[in-house]
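Novice: Given next are the chains, with one letter for each unit.
Protein chains: 2
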Amino acid sequence: MSAPPARDARLHVLVLAGGGGTRLWPLSRRRRPKQFLTEFGGTALITQTWNRVSAIVPKERLWVVAGRTHEPVIRELLPDLAPPHFVREPAAKNTAPAIGLACAAIAAEDPDAVVAVLSSDHAIHRPDRFRDLLRAAAALAAERGKLVTLGIVPDRPATGYGYIEKGASLGPVREAEAFGVARFVEKPDVTRATEFLRSGNYLWNSGMFVWRAADLLAEIDAFLPELGKGLKEYAAAPAGTRDEVAARIFATTTPISIDYAVMEKSNRVAVIPADIGWDDIGTFRSLAEVNPDGQGGSATAREVVAVDARANLIHAPGKTVALIGVDDLIVVDTPDALLVARRDRAEDVKKIVDALAAKKRDDIL
Amino acid sequence: MSAPPARDARLHVLVLAGGGGTRLWPLSRRRRPKQFLTEFGGTALITQTWNRVSAIVPKERLWVVAGRTHEPVIRELLPDLAPPHFVREPAAKNTAPAIGLACAAIAAEDPDAVVAVLSSDHAIHRPDRFRDLLRAAAALAAERGKLVTLGIVPDRPATGYGYIEKGASLGPVREAEAFGVARFVEKPDVTRATEFLRSGNYLWNSGMFVWRAADLLAEIDAFLPELGKGLKEYAAAPAGTRDEVAARIFATTTPISIDYAVMEKSNRVAVIPADIGWDDIGTFRSLAEVNPDGQGGSATAREVVAVDARANLIHAPGKTVALIGVDDLIVVDTPDALLVARRDRAEDVKKIVDALAAKKRDDIL
Numbered sequence: 001m002s003a004p005p006a007r008d009a010r011l012h013v014l015v016l017a018g019g020g021g022t023r024l025w026p027l028s029r030r031r032r033p034k035q036f037l038t039e040f041g042g043t044a045l046i047t048q049t050w051n052r053v054s055a056i057v058p059k060e061r062l063w064v065v066a067g068r069t070h071e072p073v074i075r076e077l078l079p080d081l082a083p084p085h086f087v088r089e090p091a092a093k094n095t096a097p098a099i100g101l102a103c104a105a106i107a108a109e110d111p112d113a114v115v116a117v118l119s120s121d122h123a124i125h126r127p128d129r130f131r132d133l134l135r136a137a138a139a140l141a142a143e144r145g146k147l148v149t150l151g152i153v154p155d156r157p158a159t160g161y162g163y164i165e166k167g168a169s170l171g172p173v174r175e176a177e178a179f180g181v182a183r184f185v186e187k188p189d190v191t192r193a194t195e196f197l198r199s200g201n202y203l204w205n206s207g208m209f210v211w212r213a214a215d216l217l218a219e220i221d222a223f224l225p226e227l228g229k230g231l232k233e234y235a236a237a238p239a240g241t242r243d244e245v246a247a248r249i250f251a252t253t254t255p256i257s258i259d260y261a262v263m264e265k266s267n268r269v270a271v272i273p274a275d276i277g278w279d280d281i282g283t284f285r286s287l288a289e290v291n292p293d294g295q296g297g298s299a300t301a302r303e304v305v306a307v308d309a310r311a312n313l314i315h316a317p318g319k320t321v322a323l324i325g326v327d328d329l330i331v332v333d334t335p336d337a338l339l340v341a342r343r344d345r346a347e348d349v350k351k352i353v354d355a356l357a358a359k360k361r362d363d364i365l
Numbered sequence: 366m367s368a369p370p371a372r373d374a375r376l377h378v379l380v381l382a383g384g385g386g387t388r389l390w391p392l393s394r395r396r397r398p399k400q401f402l403t404e405f406g407g408t409a410l411i412t413q414t415w416n417r418v419s420a421i422v423p424k425e426r427l428w429v430v431a432g433r434t435h436e437p438v439i440r441e442l443l444p445d446l447a448p449p450h451f452v453r454e455p456a457a458k459n460t461a462p463a464i465g466l467a468c469a470a471i472a473a474e475d476p477d478a479v480v481a482v483l484s485s486d487h488a489i490h491r492p493d494r495f496r497d498l499l500r501a502a503a504a505l506a507a508e509r510g511k512l513v514t515l516g517i518v519p520d521r522p523a524t525g526y527g528y529i530e531k532g533a534s535l536g537p538v539r540e541a542e543a544f545g546v547a548r549f550v551e552k553p554d555v556t557r558a559t560e561f562l563r564s565g566n567y568l569w570n571s572g573m574f575v576w577r578a579a580d581l582l583a584e585i586d587a588f589l590p591e592l593g594k595g596l597k598e599y600a601a602a603p604a605g606t607r608d609e610v611a612a613r614i615f616a617t618t619t620p621i622s623i624d625y626a627v628m629e630k631s632n633r634v635a636v637i638p639a640d641i642g643w644d645d646i647g648t649f650r651s652l653a654e655v656n657p658d659g660q661g662g663s664a665t666a667r668e669v670v671a672v673d674a675r676a677n678l679i680h681a682p683g684k685t686v687a688l689i690g691v692d693d694l695i696v697v698d699t700p701d702a703l704l705v706a707r708r709d710r711a712e713d714v715k716k717i718v719d720a721l722a723a724k725k726r727d728d729i730l
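Keeping their order, the protein sequence lines are chains A and B. Take the first sequence: its position 262, counting from 1, is numbered 262 in the working numbering, and each next residue is one higher. Position in the second sequence (from 1) plus 365 gives the number in the working numbering.
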């Protein structure tokens, strides 16, 4: 139709890879959080995250923020990552300090940088559409100074996500339409979620953002002035001493999410509805959706033989799995741990992890 | 109290070890039927069977009947077994031909032999009492020519066993009381089983028998004359040619159980009520009873961590098992197969085995 898409000159990608990933235990472990799992499509989710956008962002503009522990595996899974572009998060203080640190590093290298902040553990089934929307969001950020969030168009009354109510239209932007944000809404109950879905005015808060690094830092200055001050110091420090500065900043920083700290307060916020086949792979319920299957439910196994069994989600690579008279179960088998749970109780994996932690069973966590 | 028990001079033990054992799949396999499993008490069930009676029977009077396939493992598990005392069953033709063959061999060596016929895959929690009753049964067989069966005193309205209705008392025999048999009853439904339990007149048919070998052979002559004729030929044949003779007999023998063929027809039958803590380990429900445990049900695992889980039966040696919101499940984990079943559907393991057999998945059976 048109000319081949030009690379968007100033777009950087920041991959958030700091997650601990216990919601998928025993599949995910402390040392193997879900962004490193290959069970969702053959390659690690973090590698998929980068592969999905590498056609529109040169590898010199790839950044990752994560803890030091995960640096070796991330470098292995992302060979395109330039060594200085791994931003070490000195401690887990939620997303605002981590994103601030990374945006400070990016702005120090490229003061006009536009940054797409992406989670490392999502599945996106329409990558073409996703890239189009990223370009639209980058234009909105570069040309109109917006802090853009991608709002997923809901296809069911999910209660596991926060919602964004669309405000007034900001008009078409490339192949998308942008909106102001009327408000951010906490995870609703199923009644409200059903209303939200019916109204057509609500989107899921995906945790993916696009903004000019300088604009984000200005908002941090406004809403978290202490952190903002620290980040200036960090950006000004010589590369060799930055980790030390970061450790000092993080020692006194209060943990807070970028949503609470900035997005819910800023008047520069915009949202682009995203119909991209998104899945956050937050709990095992997502595994079912990513690997759909027929008899006896979804399965990753050598084979499943079922007698009167329905809607079970099985992960037992290499094994023959027999099911008799059971419905709506999650079964996850690993060499040292086995989970059997009701599907609607998937969130309670956290309780299992807490119980094992209390028993000092660190070898299994 | 009294003098130390004398060894019962003519008592032989015949262990039936021919079972195929698919009811405990994936724990048991074709090549590893349940009599060879060590999950029920640390040593193989067949070894436990012999150890339980070796205090009252000299090892020269131990016999086993089983298929040739299992001979090596049985010899390993029963080092006390004299080489000529392994009686090779040429084909699986149910219990009457196998027991007949073994009793012919025993009678050929010791014409006055009294034989205790024991299953190789039962658990017995009161071995002292069991030995006392075996001695009583042996006396009844030796002195009064009875075909004695041990009838388990029921402790619940089980529907998985045949029942024996006691007849008139035959009076005390040593430390037991013996009865005639009014009738044998097929597996009842739960209503009848409850009546049986309440009446106090019914016992479970355990499949354990004590008789003079010569008496059993006489009854086979009466009720299965063709087989009886073959068995005489077998007994008369030189040791080196017996397998050949047995193969010829079995080629034309109709499969039939000793219960149908002899016990339900003979007027020499007696029963001794046996309060011996008996468990036939026929399905996984038995595993629960043999390995009782607390939270989350019974378990053979490294550890079980449970959230809202009750009455589950877990077999996953070495693993950490997490249960969330599940009740009354059987979970059996092995290196190549995993079973998840509702406890009340344990019998349907047979359907799984049949389905795998139909798919020619012999490596897993």
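Source of the hints: derived by calculation from the structure; they are not laboratory data. It is possible that some hints are incorrect.
Here are some chain A residues the structure puts well away from chain B; computed CB gaps all over 12 Å [said to hold, decoys possible]:
no., residue
1, 41
2, 51
3, 119
4, 125
5, 144
6, 177
7, 187
8, 194
9, 228
10, 239
11, 259
12, 303
13, 337
14, 355
These stretches of chain A come out as covered by chain B in the derived footprint (C-beta under 8 Å, 3 or more residues) [as the list claims (entries may be wrong)]:
no., region
15, 322-329
16, 339-345
Glycine included, every Cβ here is placed at the ideal spot set by N, Cα and C.
Novice: Since residue 228(A) was said not to touch the interface, does its Cβ keep a gap of more than 12 Å from each Cβ of chain B?
Specialist: Holds, because the least Cβ-Cβ distance between residue 228(A) and chain B comes to about 42 Å, which exceeds 12 Å.
Novice: Hey, does residue 187(A) actually stay past 12 Å from chain B on C-beta?
Specialist: 20 Å, holds
Novice: For residue 144(A), is the shortest CB-to-CB distance to chain B above 12 Å, so the non-interface label stands?
Specialist: Check passes; 47 Å lies beyond 12 Å.
Novice: Can we trust that residue 337(A) is non-interface, i.e. its beta-carbon lies farther than 12 Å from all of chain B?
Specialist: 4 Å, violated
Novice: Examine each Cβ of chain B, and state whether all of them lie more than 12 Å from the Cβ of residue 125(A).
Specialist: 28 Å, holds
Novice: When you look at the beta carbon of residue 303(A), is every beta carbon of chain B farther off than 12 Å?
Specialist: The claim breaks: residue 303(A) does not keep its Cβ more than 12 Å from every Cβ of chain B (closest is about 8 Å).
Novice: Would you assess whether residue 194(A), listed as outside the interface, keeps its beta-carbon beyond 12 Å of every beta-carbon in chain B?
Specialist: Holds, since 24 Å exceeds 12 Å.
Novice: Beyond 12 Å on every Cβ pair: is that true for residue 41(A) relative to chain B?
Specialist: Check passes; 23 Å lies beyond 12 Å.
Novice: Apply the coverage criterion to the region 322-329 of chain A and chain B: a residue qualifies when its Cβ sits closer than 8 Å to a Cβ of the chain, and three qualifying residues are needed.
Specialist: holds (count 6)
Novice: With d taken as the least Cβ-Cβ distance between residue 239(A) and chain B, does d exceed 12 Å?
Specialist: Consistent with the label, residue 239(A) stays out of reach of chain B, its closest Cβ about 43 Å off (over 12 Å).
Novice: Beyond 12 Å from every chain B Cβ: check whether that's true for residue 51(A).
Specialist: 33 Å, holds
Novice: Taking the minimum C-beta separation from residue 119(A) to chain B, is that value above 12 Å?
Specialist: Residue 119(A) clear of chain B: closest Cβ-Cβ about 26 Å, beyond 12 Å.
Of the numbered hints stated above, those contradicted by the structure are hints 12, 13 and 14, listed in ascending order.
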